[in-house]
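Please construct the entire structure, taking both the sequences and the accompanying hints into account.
Number of protein chains: 4
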Amino acid sequence: MPGNTFGKIFQVTSFGESHGEALGVVIDGFPAGITIDSQALQAALDRRRPGQSTVTTSRNEADQAQILSGIFQNKSTGMPICVIVHNQDQRSSDYDKLQTEFRPGHADAVFQAKYGYRDHRGGGRSSGRETVSRVIAGYFAELILPKTCQVIAHTKQIGELIAEKFDPDFIEQNPVRTADPDLSNQMQAYIEQLKINGDSTGALVEVQILNPPQNLGEPVFDKIKADLGKALFSLGTVTGVSYGAGFGVTSMTGKNYIANPANFGGILGGITTGEIITLQIAVKPTSTTGEKALAGRHDPCIAPRIIPVIEAMIKIVFADHYLRNKISQEL
Amino acid sequence: MPGNTFGKIFQVTSFGESHGEALGVVIDGFPAGITIDSQALQAALDRRRPGQSTVTTSRNEADQAQILSGIFQNKSTGMPICVIVHNQDQRSSDYDKLQTEFRPGHADAVFQAKYGYRDHRGGGRSSGRETVSRVIAGYFAELILPKTCQVIAHTKQIGELIAEKFDPDFIEQNPVRTADPDLSNQMQAYIEQLKINGDSTGALVEVQILNPPQNLGEPVFDKIKADLGKALFSLGTVTGVSYGAGFGVTSMTGKNYIANPANFGGILGGITTGEIITLQIAVKPTSTTGEKALAGRHDPCIAPRIIPVIEAMIKIVFADHYLRNKISQEL
Amino acid sequence: MPGNTFGKIFQVTSFGESHGEALGVVIDGFPAGITIDSQALQAALDRRRPGQSTVTTSRNEADQAQILSGIFQNKSTGMPICVIVHNQDQRSSDYDKLQTEFRPGHADAVFQAKYGYRDHRGGGRSSGRETVSRVIAGYFAELILPKTCQVIAHTKQIGELIAEKFDPDFIEQNPVRTADPDLSNQMQAYIEQLKINGDSTGALVEVQILNPPQNLGEPVFDKIKADLGKALFSLGTVTGVSYGAGFGVTSMTGKNYIANPANFGGILGGITTGEIITLQIAVKPTSTTGEKALAGRHDPCIAPRIIPVIEAMIKIVFADHYLRNKISQEL
Amino acid sequence: MPGNTFGKIFQVTSFGESHGEALGVVIDGFPAGITIDSQALQAALDRRRPGQSTVTTSRNEADQAQILSGIFQNKSTGMPICVIVHNQDQRSSDYDKLQTEFRPGHADAVFQAKYGYRDHRGGGRSSGRETVSRVIAGYFAELILPKTCQVIAHTKQIGELIAEKFDPDFIEQNPVRTADPDLSNQMQAYIEQLKINGDSTGALVEVQILNPPQNLGEPVFDKIKADLGKALFSLGTVTGVSYGAGFGVTSMTGKNYIANPANFGGILGGITTGEIITLQIAVKPTSTTGEKALAGRHDPCIAPRIIPVIEAMIKIVFADHYLRNKISQEL
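Chains A, B, C and D are the protein sequences, given in the same order. The opening residue of the first sequence carries number 1 in my numbering; numbering runs sequentially from there. The opening residue of the second sequence carries number 1 in my numbering; numbering runs sequentially from there. The opening residue of the third sequence carries number 1 in my numbering; numbering runs sequentially from there. The opening residue of the fourth sequence carries number 1 in my numbering; numbering runs sequentially from there.
These are computed hints drawn from the structure, not numbers from a lab. These numbers come from a predicted model, not from an experiment. There may be inaccurate statements among the hints.
Chain copies aren't distinguished; within one or between two, either way the pair holds.
Stated by the list, open to error - Pairs of lysine-lysine residues, derived as DSS-like cross-links and limited to a Cα-Cα distance of at most 27 Å, are as follows: (1) Lys-75 to Lys-147; (2) Lys-75 to Lys-326; (3) Lys-255 to Lys-292; (4) Lys-147 to Lys-326; (5) Lys-75 to Lys-255; (6) Lys-326 to Lys-165; (7) Lys-326 to Lys-292; (8) Lys-326 to Lys-255; (9) Lys-75 to Lys-165; (10) Lys-147 to Lys-165.
Set out below in structure tokens:
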């Protein structure tokens, strides 16, 4: 049954395989009359691009966005927007063995069991490469939100290295995308060492949403934290999500909990209060290890590259709820 | 915009306020010809009922389920099933002050901001009482799943008390619904002491899903962990969700991660493998503290009563995906 | 699979069988802060009530609307509104024979084939009685639309009797709900004669929508005429729908067609222009004839009673699209 | 708000403008393991192609289908299928005047009013060219249905010329796609004369569905006739739809109606009985007349080219309901 469409008003449909002709996305429900900057769109894509540094895969995918519909003379027309990225540098033959061999920790075997047939090349649809579609949609989502709203994700922890300083301007200036200038070198060295060993590492990504719009979230099932949770868990790499005090609440008393509004994480009753929203996201180590990892075409730590995707998914949820909220009160 | 319907094939629509005429649920997409046991339905409801012990609220709500449609001579007809529960023991006047007063940590103020008007009595629709609808739907969901599949939630941690033993038969035999016979008394005493102080506590609920059906989950957005995540975060009380190795992955290497399949939590590529599924759920302390809590009509720890609701939500997701999966392969 | 929910923002879920405990509807997505007049709601229901005259069934169903949720102190709260009608005067035993006997032209046999099990009493869910839910939803839909918008359905033709005059005030003053004062007596006599013969008649219902909101309809699949078409064909009794010049276009040239804007029926490109909208709806003769019809508990002509239902369905579509249209242009 | 997705299990998302980069479609929910014949897909597209004869537009669009995803080594993988058609022979400059000029009977003005901005070239998204996407989806829909099921549309009437013979093999052998060999020359001559006059004509298209699957249709809103109605009215050119006895019921008595099962049109209670289904569809004359029509780039009668689209839409509805029906009875 279909599962490749997300959102109710800002509606995103993703398609494409890792080594197929092209990946892409259809965005339906985008209002008319909004100016599109195709360079900014490309820049958003470039942020998740592999081959950016020693801590990411050495694959080099140009990932050139091509707009097929919905934009006329740089403005949205209210019609569905389709954007595609043609695949390149595919080296499908690298994956020939995967036709009959299932990699541990990968989706190969489950896709075979569920569908009885699959595109085995590079994980096919289960590849992280699918997130290209999400980053594209995230660019459009951002255009809907108030300009003051900022979604900032950063690498909070890798191994035992826990960032303590938070300098948002530093995030894009270091390959691990940590906000702590004092720790970036150590984090980078840790990942590079793992890479040499044919190993990888998990990470903790923290998100701060500054100046979020108020009143987002629709009771009872479409609470904002429910839809954010779904969006984030729809990323293959995410194994845990929490907001505000998160798992810390398990040993907290009610008096302590309500004493510090930061514990609420900017959400009450499943609806944004307008206060800063904080999220913690656990990202698992990439499952490709040993010889295959040594070949260098895999990420020893996915955090730096999943960060733009996490931000995109959050913006997609917010754009959808921003439009949904417009119809809550008397007309 | 509507947010009270959940699921694509097994479709649950919840309605009703804490102190309105009735709460209820419409279940559409339930197959025809399945035998309904109204006593078992009532027993499911009774499990979440308040007033069961010293560690829950003293409110006594009979919560009598009344079937309005979709069942004929104890069998489902394929038509939408509506079940309602009339409200009793409402004491609306207890809440008169709430019309203009907003309780910290509650949804009162955000509902007022979002809708401009609200039913303030007992939290109205934001009350935990709404979960009655979910427990009813969970009963029907269970009828769709293979009988061997078991969803077992238990209180893993309260304060600093962490359960280590796991005796599933013990869960229903103690008021805190822990699976550790050695710890139940301490947990109970801890909660009772907080109650005397007009305080409350958070908790960690662990879930084990035994013999889950294989192949549940629809790429890419409707991964099983995405829909479970949404379902669980749609409960007001949940602040964190993780599966398998959970937040432990943040300091784990890839080699360690894939060495122990238990880390995958029974899910790969967002699809169930058929192996046991494990989930960790953070439950915040109830926000009602101080004088109001002393009145005794609030839960000093919501874990024991949220456990049947958590199980219900998981069964609802599974029922929906169980039906969805039937259409994956060639006809 | 579920099929009992209609609409995307103004979302209507219908439930209940002809002879079950109750019929009802959940309306989700209704904005907060709108005043509800329960007497007007009851009056809307009374318009479709049987037993109103010699040309309708003699069954007498009080059809008392009971609001279960979503309304507080006569104002909507933005929460889902559930309204039910308990069944009375059911005489289920009248239908005992139907358990094994299938009536020609009825849904008995197809429900048995599709579901393998059914509530046979009075047609169960396939009974026209289900439209009670739609009339309730129509009342709420009307509250969303501009007050100047009027949906006026009337009996245009019965047998060979074709109304020519159009006096909208006359419609509620005669039992056949024709707008032609000169023809009402003949129409009534024609139906009464058929009733004596144990027979029934089809009819043509015409609808005029005065002062419709402009810009309703969402390309390409949710054109206003597409969603109206679905809404009207979802009534068991409707066998044909056309708008504007309707089937007359088949022998019309393009020059003639565009010469008279009335031919467009107030819709261009699937979007309302703001001009008057005209619809023609073919209503089949009730299939119960002969001895059973003589028992008097069936309508010899359904037109007068389907008219309030047709109006309700149109209002439901309009309310949904009215809210949907709010998000078309730049924010 | 989004309106470019159709269907619940077999889910079709259409995108693209008449003179944009490309038109296309994403089909989600297509089962895995089905063999795709790209030549047959192309042949389906060629059937609706303009420039086929003197009675259609002289525009010559190659309309080459390009598969971007979801198919691997000629078999479906269960992943979303994206197919696009690049636009050619666009002559956008032909339409320069349309930027500020609104053509009567076209959607130009309503798109401007609704969206405040539009792609004016050739009608943009409101162009009949959008139906390319539907024909592609129809090819895939057909692969899901039993091979015995046949959807046959033909031109029943043009002007006063009414086909009486029905030879299905003849339909593809004449440019007007009538099934009556005795009338095709007259019909063709009638259209050619109108074309010379810069005029056009409406038509009646009849559909026969042979060996339809039984039990399709989901009460109460998703009756098969409701979803067919929506699908057909979502075509800009359709002004009327009826099934079985159609508008003939308005002057029919119940005894006559039930005497001939053909009157039911193969549908009872909104569910297919397995008997032949008959539909009548009114198709309006193309609104481009006068000088513009003389330029020859418009269809003087759209019936021959809308017939493959009508068939496609019916197959799409049937494929969706065929999959939906699989979950009606006990598991």
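Do the hints match the structure? See the list:
1. Lys-75 to Lys-147: Within one copy only: 18 Å inside, 35 Å across.
2. Lys-75 to Lys-326: Result: close both inside a copy and across copies, 23 Å intra and 19 Å inter.
3. Lys-255 to Lys-292: Answer is between; shortest inter-copy Cα gap is 12 Å, intra-copy 52 Å.
4. Lys-147 to Lys-326: Result: close both inside a copy and across copies, 17 Å intra and 21 Å inter.
5. Lys-75 to Lys-255: neither (52 Å within a copy, 35 Å between copies)
6. Lys-326 to Lys-165: Neither. Shortest intra-copy (37 Å) and inter-copy (44 Å) distances fail the 27 Å Cα cut-off.
7. Lys-326 to Lys-292: Result: close neither inside a copy nor across copies, 50 Å intra and 35 Å inter.
8. Lys-326 to Lys-255: Result: close neither inside a copy nor across copies, 35 Å intra and 43 Å inter.
9. Lys-75 to Lys-165: neither (40 Å within a copy, 50 Å between copies)
10. Lys-147 to Lys-165: within (25 Å within a copy, 51 Å between copies)
Consistency with the previously given hints fails for numbers 5, 6, 7, 8, 9, ordered from lowest to highest.
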